[in-house]
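Asker: Those sequence lines, one after another, are chains P and S.
The first sequence lines up with residues 1 to 135 when you count with our numbering.
The second sequence lines up with residues 1 to 394 when you count with our numbering.
No lab work stands behind these hints: they were computed from the structure.
These numbers come from a predicted model, not from an experiment.
Any given hint might turn out to be false.
[To be verified] Taking CB as the label site, the calculated pair distances span:
1) P:A55 <-> S:G71: 52 to 60 angstroms
2) S:S151 <-> P:A135: 34 to 42 angstroms
3) P:R57 <-> S:S151: 28 to 36 angstroms
4) P:C49 <-> S:G310: 31 to 39 angstroms
[Stated by the list, open to error] Negatives, chain S to chain P, calculated, CB over 10 angstroms:
5) S49
6) Y77
7) G102
8) M103
9) P171
10) A365
11) D370
[As the list claims (entries may be wrong)] Straight-line distance between alpha carbons at most 30 angstroms, and here's what the computed DSS-like set of lysine-lysine pairs gives:
12) S:K141 <-> P:K5
13) S:K10 <-> S:K242
14) P:K80 <-> S:K215
15) S:K268 <-> S:K322
16) P:K80 <-> S:K141
17) S:K35 <-> S:K190
18) S:K242 <-> S:K47
19) P:K80 <-> P:K118
20) S:K190 <-> S:K47
21) S:K322 <-> S:K215
22) S:K141 <-> S:K129
23) P:K80 <-> S:K129
24) P:K118 <-> S:K141
25) S:K129 <-> P:K5
26) S:K215 <-> P:K5
Every residue gets a Cβ at the ideal spot worked out from N, C-alpha and C, and that includes glycine.
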Amino acid sequence: MSSIKPRVQPDDLDLAFYQATAEAGQLCLQHCEDCGQWTHPARYYCPACSSENFAFRPISGAAEVHSFTVSHFSVESAWKDRVPYVTIVAETEEGPRLVARTELAPDAVAIGQRIRLKAEVIDPEFSYVWAERAA
Amino acid sequence: MTGAATLSGKSAIVGIGEFGYYRGTDQSILQMVLKASMDAITDAGLKPSDIDGIIPPPGFVAWDEIGAHLGIPEIRYTACPQMGGASPVAGLINATMAIASGMATTVLVPIGWNGYSALRPRPDARPNKRRFSAAFFETVKNYYAPYGLRSAPWWYALYLNRYVDQYDVPPEAAGAIAVACRKHAQLNDKALMRGRPLSMEDYLASPFITEPLRKSDCCVETDCAAAIIVTSAERARDLRHKPVVFLGGAEGHPNRPDELINRPDMLKLGLDYAAPRAFEMAGVKPQDMDFLQIYDCFTYVALLEIEALGLAPRGGAADFVKDGNIELGGRYPLNTHGGLMSQGHCWGMNHIVEAVRQLRHDAGAAQVADCRVGLVTGYGDLGDGTIAILGRGA
Numbered sequence: 001m002s003s004i005k006p007r008v009q010p011d012d013l014d015l016a017f018y019q020a021t022a023e024a025g026q027l028c029l030q031h032c033e034d035c036g037q038w039t040h041p042a043r044y045y046c047p048a049c050s051s052e053n054f055a056f057r058p059i060s061g062a063a064e065v066h067s068f069t070v071s072h073f074s075v076e077s078a079w080k081d082r083v084p085y086v087t088i089v090a091e092t093e094e095g096p097r098l099v100a101r102t103e104l105a106p107d108a109v110a111i112g113q114r115i116r117l118k119a120e121v122i123d124p125e126f127s128y129v130w131a132e133r134a135a
Numbered sequence: 001m002t003g004a005a006t007l008s009g010k011s012a013i014v015g016i017g018e019f020g021y022y023r024g025t026d027q028s029i030l031q032m033v034l035k036a037s038m039d040a041i042t043d044a045g046l047k048p049s050d051i052d053g054i055i056p057p058p059g060f061v062a063w064d065e066i067g068a069h070l071g072i073p074e075i076r077y078t079a080c081p082q083m084g085g086a087s088p089v090a091g092l093i094n095a096t097m098a099i100a101s102g103m104a105t106t107v108l109v110p111i112g113w114n115g116y117s118a119l120r121p122r123p124d125a126r127p128n129k130r131r132f133s134a135a136f137f138e139t140v141k142n143y144y145a146p147y148g149l150r151s152a153p154w155w156y157a158l159y160l161n162r163y164v165d166q167y168d169v170p171p172e173a174a175g176a177i178a179v180a181c182r183k184h185a186q187l188n189d190k191a192l193m194r195g196r197p198l199s200m201e202d203y204l205a206s207p208f209i210t211e212p213l214r215k216s217d218c219c220v221e222t223d224c225a226a227a228i229i230v231t232s233a234e235r236a237r238d239l240r241h242k243p244v245v246f247l248g249g250a251e252g253h254p255n256r257p258d259e260l261i262n263r264p265d266m267l268k269l270g271l272d273y274a275a276p277r278a279f280e281m282a283g284v285k286p287q288d289m290d291f292l293q294i295y296d297c298f299t300y301v302a303l304l305e306i307e308a309l310g311l312a313p314r315g316g317a318a319d320f321v322k323d324g325n326i327e328l329g330g331r332y333p334l335n336t337h338g339g340l341m342s343q344g345h346c347w348g349m350n351h352i353v354e355a356v357r358q359l360r361h362d363a364g365a366a367q368v369a370d371c372r373v374g375l376v377t378g379y380g381d382l383g384d385g386t387i388a389i390l391g392r393g394a
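The following block holds chain S by itself, in its conformation from the complex:
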């Protein structure tokens, strides 16, 4: 047993909150984050004074103002993983470490942003003053942006096009991700794309942004926030919901993390390093999963993550996603809330929230029947990877 294995079963998610998903809101990022946080505290049946740890988002808002606005009287622990969309799962792992070591008892992990309104501000809106501090933005400014590679689709296309070329990945494989997410979003009241179905024909007719990425390969920008409350598995038994237990988790980073193209293997994600450690900690196999909540900023990234998880060999995700295998009713339902692709881009915290709903058996029409164990992944910045394996508590 490795040292980290002692974390298995040490924490549980006991509260969830979500705000959004909108294209345009008059709420500030701070307001949205506070609303999701207070909803998560209330959902757990707790009060702000029960919270003693805060893991804030990697940008926009900070732990001190969150604590002050919520009226948390005594903060004992705070830390801030800086890895974009891999941060929420990293926050869950970090909260578990703090709880297992006794540094904190109950930790709030929130995130939120105005991903839509920041780029399309109302005339009277004030700009966001605070952003992120990760160093990869310097790489982007110095070496990618001058070449017309403006933001994430253009950066990631540099390696995703090699993936498509080397493994003959058909567009229908990426389309299967987009179609499954859109189908599942039809069951979610809080999905931006509810009421706007997408067929494979629609997907294939979607125009290219930058090859291999079509418009329909890209997730949807939204204004939103979400939060979870993490406490010890012991304390969780006395709270109002069925606990969702942390069984295993890990983070991993490509070599090199601050730059995309000089990695020996450009297609090796942080998740390739992290996934085996997480499964070992949890004592389960990828094939034991009842659902997959996979970070889907872009469909092709989700395909590579399926391979990194060990569910398919390199280049084999195209077969894995065929024939409804990743749709509700299939063997591995993926992003049962609609994902970043069709619910909205909440940095993957919405994936954790959905995993909790599923394992509480509270997912409504999207419920995976009698699910016991599932996973959530995170993908951030230039390929940082995180994974958490969660189970239905006793």
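Next up, chain P with everything else stripped away, as it sits in the complex:
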């Protein structure tokens, strides 16, 4: 897992999410400090209780495949040599879903399958989410 930095310039809470993940060195999500709801992407008001009192906290990494696509075509230099590549919609055990990349082969991925998520910190403002086979 060593990736080139994509062109990303997050602002507001998207920046806060990436900064928290980079500082912790592991995947962090927005956690409501009042009701305990986890939210992604982060929101200024908790969707469950409307609280503004939140922190970014590490998640366990346990997740399952909610959906995925296998891409067979790309015009992008970073991706066209990787086809076919799998992109996963991962549902974390905390609740929120994240887009994740993976080195799993297309026929090794199925909806409902258990996976483990990890962050690859690229720089203080961007990390990749990777999905691996659950141990």
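We have chain P already, so just place chain S on it with the hints.
Answerer: Chain S in isolation, oriented as in the chain P frame:
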């Protein structure tokens, strides 16, 4: 009767205009939009000075320059729905509200773009300076694009592949949409894919872009513009064409609208929320429709819309589209102009224009015999949905 029900029958579409559909043009977006707009004004038998409201496209060109170039002397009303391909139907609904409330009498709703040339500019072409302002582009830039999910096919595949998996949707169901649109495009002089038929075998041989989407599941990028003129049903009776009356309409948005994957049910579109309200307003059922002009950016999205409309249960669109049911001559002819799939991508304004032609009984070889009522849907950005139910006026 709900409050919105008072909008039923309050407006009519009285003019239509279309420019395109091309792969490569030397016209600017503004020129194309103006041409379609002036054609729509002329088609209605009106002059620019009869127009007092403008609902511009969600990007590229704005109401003030449209009004100035067309020579509209007094603009009383303008608003701009920002929901991609759901915007034209939203514009029609918005125009109806303005007319019913007395804020405007006659409203121009145009759209256009160089959907082909923007990505493949001539060496001497100047780039488009202005685009869109919807916030979902930030979601895309921050969370999807870095993962090789470059544009709409890759984003929507994230939920469409779950649809296929959970409901065992066969590729032939999506193929039926592609084949019907292509068949209907053969009857349309203004269809990009006229002269290029598509069989189910051709469809199934089409290569995957990103699963479940094959190349032949994706609509065609084109340079084009289209426009409609909306006025009160009363005023419409004195104009030159048979009025096409607004019977009902609604917009709806997924929870959450700016992001695709954290919705409780990823397969629930804006149209799922909007359709029941529109049918209630119009006082008709989905099964009363004589034709369906359904926003078909991708075939599988059209399947989900058929289900959202209540024409089939969740997962049941595959049965609905079988055996020519959605082809001319079938019970529910779909996209009788060829749709985004085979006429061209004009943000679904071409679907409204075609519905008007059908209800005027002016659709030529694609005419649905004696049609009285039909619907148009819009789908935009990350699932915004709009619907209008239109009827042949008295």
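Asker: Now, for every hint given, state plainly whether the structure supports it.
Answerer: For each hint, the structure was consulted:
1. P:A55 <-> S:G71: 52 to 60 angstroms: holds (58 angstroms)
2. S:S151 <-> P:A135: 34 to 42 angstroms: Distance hint for S:S151, P:A135 holds at roughly 35 angstroms.
3. P:R57 <-> S:S151: 28 to 36 angstroms: holds (33 angstroms)
4. P:C49 <-> S:G310: 31 to 39 angstroms: holds (34 angstroms)
5. S49: holds (45 angstroms)
6. Y77: holds (33 angstroms)
7. G102: holds (37 angstroms)
8. M103: S:M103 is indeed farther than 10 angstroms from all Cβ atoms of chain P, at 33 angstroms.
9. P171: holds (14 angstroms)
10. A365: Label holds. Min Cβ-Cβ 35 angstroms, cutoff 10 angstroms.
11. D370: holds (44 angstroms)
12. S:K141 <-> P:K5: holds (13 angstroms)
13. S:K10 <-> S:K242: Between S:K10 and S:K242 the Cα gap is close to 15 angstroms, so the pair holds against 30 angstroms.
14. P:K80 <-> S:K215: Given pair P:K80, S:K215 holds - Cα atoms ~16 angstroms apart, limit 30 angstroms.
15. S:K268 <-> S:K322: Answer holds: S:K268 to S:K322 is near 23 angstroms, not above 30 angstroms.
16. P:K80 <-> S:K141: holds (18 angstroms)
17. S:K35 <-> S:K190: With a Cα-Cα distance of about 15 angstroms, the restraint between S:K35 and S:K190 holds, given a limit of 30 angstroms.
18. S:K242 <-> S:K47: holds (18 angstroms)
19. P:K80 <-> P:K118: holds (24 angstroms)
20. S:K190 <-> S:K47: Satisfied, since the Cα-Cα distance of roughly 25 angstroms is no more than 30 angstroms.
21. S:K322 <-> S:K215: OK: S:K322 and S:K215 at ~21 angstroms, within 30 angstroms.
22. S:K141 <-> S:K129: Holds, at roughly 19 angstroms.
23. P:K80 <-> S:K129: holds (28 angstroms)
24. P:K118 <-> S:K141: Distance of about 20 angstroms is within 30 angstroms: holds.
25. S:K129 <-> P:K5: Roughly 27 angstroms between the alpha carbons, so the hint for S:K129 and P:K5 holds.
26. S:K215 <-> P:K5: holds (29 angstroms)
Comparing the model with each earlier hint shows no violations; every hint is respected.
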